[in-house]
Amino acid sequence: MAAPKKGRNQGAQGRPGRTLALFLIAIVALAGGMFASGHTTPRLGIDLAGGTSITLAAKEEPGQKNAINPTNMKTAVGIMERRVNGLGVSEAEVQTQGDRNIIVNIPKGTNSKQAREQVGTTAKLFFRPVLTTEVSGPAPSASPSPSASSSASPGTDKDGDKATSTPSGSTTPSATATSQGRAVTDALKADPTPSPTDSASASSSPSPSGSADEAAGKLQAEYAALDCTKEADRARAGEGAQPGDTTVACGQNSQGQWQKYILGPAEVAGTDIDEAQAVFDTQGAAGWKVTMKFTDAGAKKFADITGKLAKNQSPQNQFAIVLDNEVVSDPFVNQALTGGNAEISGSFDQQEAQDLANMLKYGALPLSFEEASVTTVTAALGGEQLEAGLIAGAIGLALVIIYLVVYYRGLSFVAIVSLLASAIMTYSIMSLLGPTIGFALNLPAVCGAIVAIGITADSFIVFFERIRDEIREGRTLGPAVQRGWPRARRTILVSDFVSFLAAAVLFIVTVGKVQGFAFTLGLTTLLDVVVVFLFTKPLMTILARKRFFTEGHRWSGLDPKRLGAKPPLRRTRRVSAPVDTKEA
Amino acid sequence: MSKLGTLGARLHRGEIGYDFVGKRKIWYGVSILITITAILGLTVRGLNMGIEFQGGAVFTTEKTSVSVSQAEEYAEEASGHDAIVQKLGNGGLRIQIAGTDTGRSDQIKEELAGDLKVDAEKINAELVGPSWGDQIANKAWQGLAIFMVLVVIYLAIAFEWRMALAALVALIHDITITVGIYALVGFEVTPGTVIGLLTILGYSLYDTVVVFDSLKEQAKDLTKQTRWTYSEVADRSINGTLVRSINTTVVALLPVAGLLFIGGGVLGAGMLNDISLSLFVGLAAGAYSSIFIATPLVADLKEREPQMKALKKRVLAKRAAAAAKGDSLEGPAVDEPYDDDEPQDATPAVVGPRGTRTQPSSRGRGRGRPSGKRR
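As given, the protein sequences belong to chains X and F, one line each in that order.
Take the first sequence: its letters are residues 1 to 584, numbered as in our numbering.
Take the second sequence: its letters are residues 1001 to 1375, numbered as in our numbering.
These aren't lab readings, by the way, just hints derived from the structure by calculation.
It is possible that part of the hints are untrue.
Label pairs and their in silico Cβ distance ranges [claimed, not checked]:
1) Val1030(F) - Glu387(X): 37 to 45 Å
2) Val374(X) - Glu1121(F): 56 to 64 Å
3) Val417(X) - Ala1321(F): 26 to 34 Å
4) Ala29(X) - Asp1119(F): 36 to 44 Å
5) Glu1217(F) - Ala297(X): 54 to 62 Å
6) Leu526(X) - Val1152(F): 21 to 29 Å
7) Gly1091(F) - Ala29(X): 29 to 37 Å
8) Asn1138(F) - Arg236(X): 34 to 42 Å
9) Gly1114(F) - Asp349(X): 47 to 55 Å
10) Ile1153(F) - Ala297(X): 29 to 37 Å
C-beta: ideal position from N, C-alpha, C; glycine also.
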């Protein structure tokens, strides 16, 4: 905003060709990248391209009567929305249908299998003490379950070689605080501390204190019968178990073997997690993992349970991280972990780790859902709407170009080429963002892009008017460009900053479509600045040396006579400092 | 067009110009009238919220040969609301209609069955919840509030609080008018409308800031001269950027007008119409308010400052003296515009304060009198 240093300005002035060449290379690289990636069109939103509609039905669960109520359904919609549309740009829609169904609409071209997993997974997470565990079934299972567990090491202070990162991100308060918070309280009330039996051999029966013999016997029988290599058994294991119950569960160990567990009541729940993040473990070679940061209360509970467990003998010094009734990790504890951090490592790939982190971050669904139907849907707006929009937009653009040519004549070349450069960049970036962050373009966004034409063009207009004002003052073109630029630049930066501020604030604070809008606004604003600084200005500087423009050809748009310029020698003082770049 | 070209030149020299600040009361009046109409429209007719916000009924049919756009017409006829129609993978239709309760939904179902020539039994009717729920709306409000506070702070620092206030007034003016016209026309509010409103919010501020930037530049060192009052300088500044304002507005409005009148007008109502209407009204209001409302408002506020009052007194006194001397005020005053103070600006004495970016008002306190004497 401030007046530039003279030297720097002249430096840039001296090499407009180089800036221009660099910019053109960047554009070609972007467009080339777009063609190379094979995504030559932006992904369109569901209103323009249709997509897939998934209907999820809430499952009645034993022991949870009246769980399927409007409040829980609304909470579930909110969580699913954030899971499937975390950045707000993917244009997915989530809404309730009837009393117990949720429809999720995802635009064409989205990985629908992944989306289905994202919305359908309940993601109820518990930390439970391990009472007993043994390898289940005769042979290692070849089942490629994604939630396999390898040795996970929780905590920051235990293993020096583990990379523990403190995740930073948005703190999303879990929307399921009511249902699960109550459950945890119940669990604590029930004195969940497993009283480890002295004979802690793997085969011995665990006897959690306070549990009736009958229940313990039933659990023992269930445990004995459980064969984790069978998928049906796995699905049944621990079904309907409350957080406060002792339960059985399955999990895969680092050798890929299925292991079965008897687990104590949940000590820490997913609601105690503040943040979760997928990180790549560069030191431990464990690949992708998910790090979690507890809330203050959660950190305290976690420190308590790990402190108690550390005093026990194997396997009761282990705790299990149980996700939707499956053990994903069962690390040993040597001492109380007070860092307030934990991590889950397993054989995740990047996508799985990120999905899991998202689920933990946005909270567990208050209900379990099953897919009732999956069907394709056509665009909500008929094809003719998009076509009409495009035709109308094209006519409007043609009018803009005619107006610019008539008014600015030769200068309009600069404006049109700059608009073109801006259009190519916007288009290729939007196309490339489709596969990378799931960016989808809906009709409002297309309209927003059309308004962006106006804002981008305004930058040129401000610049041109400055130059013309300078020429009217009697300057020749070279100095006029030099003097006009710093003033125009300040105006462009100040006003674009306001737009960018709007985009940044809305992107950080809001969710859903508003966030998507903020993203588009921020992108177009940034591109406006980039194009004006790296393309329009250097191009103008180069053209200002051409005779067509310097001589003020009547079609150049810079004819001093037409502009009504004053005779140059109006005052001698003025002429002595023509290239001074002061702002006044 | 050459006339327009010379218009620019004459505006630049201040030979011609519209007295924006002087006639501000007329334009304030016009704006207040429009705003009151808008608010009345809003309270009387209310906003017609779409299915995305309030939920409604969804009808799922079996395989049918009726086309999507035809079904949309039928559904809108049967219900009187905008309908969203999608074709499903099995050839059936999914028709969503806003604001429909169970009783009404049966009736619509019957009508739809007749229109689509399918068995009413085979149309499955259910209520759907909003896809744009309270959570999204609340977050959006929260985001807007934070943005408003930040932008006012930013404008107060980059410019001054008077301009921040005026920009805010202009923004509220634009949004109220757009929402009011939306209510009057009776279009259904869709997520597209909201996005359109947000776009306007950005554009309105953007346009105001561009105009203010020029005003700030022109009003620099104002108290060091005795030719012009703040209001006159504000007028000059608007007239000086008038060509830019017109050009930018034309360039921004042309494509939107294309969408509204060609796209929407010829092909009938639709989401395209909703968005382009809110954009068209909003962009026009945004351009108008920057010039006719925001800048005169700043001038009004500025003229209340003691320094500016003193300046006005000096200017008027000087003019009276010049008139008494028999000098024609017109000659030098118009030929040598306010720009003439520029050489002063190049003297080292002013270079210092410029670095600190103090406002002309505070600088004027120390320096106003000597320069006044000089003249």
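Checked hints:
1. Checking the proposed 37 to 45 Å range against Val1030(F) and Glu387(X) shows it holds: the Cβ atoms sit about 39 Å from each other.
2. Judged by the Cβ atoms, the range 56 to 64 Å given for Val374(X) and Glu1121(F) is violated: they are separated by roughly 25 Å.
3. Checked against the given bound of 26 to 34 Å, the beta carbons of Val417(X) and Ala1321(F), roughly 55 Å apart, lie outside it.
4. In this structure the hint that Ala29(X) and Asp1119(F) lie 36 to 44 Å apart at CB is violated, the actual value being about 59 Å.
5. For the pair Glu1217(F) and Ala297(X), the beta carbons lie near 56 Å from each other, so the given range of 54 to 62 Å is met.
6. Between Leu526(X) and Val1152(F) the beta carbon distance is about 23 Å. The supplied range of 21 to 29 Å therefore holds.
7. For the pair Gly1091(F) and Ala29(X), the supplied restraint of 29 to 37 Å is violated, since their beta-carbon distance comes to about 45 Å.
8. With their beta carbons about 41 Å apart, Asn1138(F) and Arg236(X) fall inside the hinted range of 34 to 42 Å.
9. Between Gly1114(F) and Asp349(X) the beta carbons are some 54 Å apart, a value that agrees with the proposed interval 47 to 55 Å.
10. About 35 Å separates the C-beta atoms of Ile1153(F) and Ala297(X), a value consistent with the hinted range of 29 to 37 Å.
Hints 2, 3, 4, 7, counting from the list given before, are not met by this structure.
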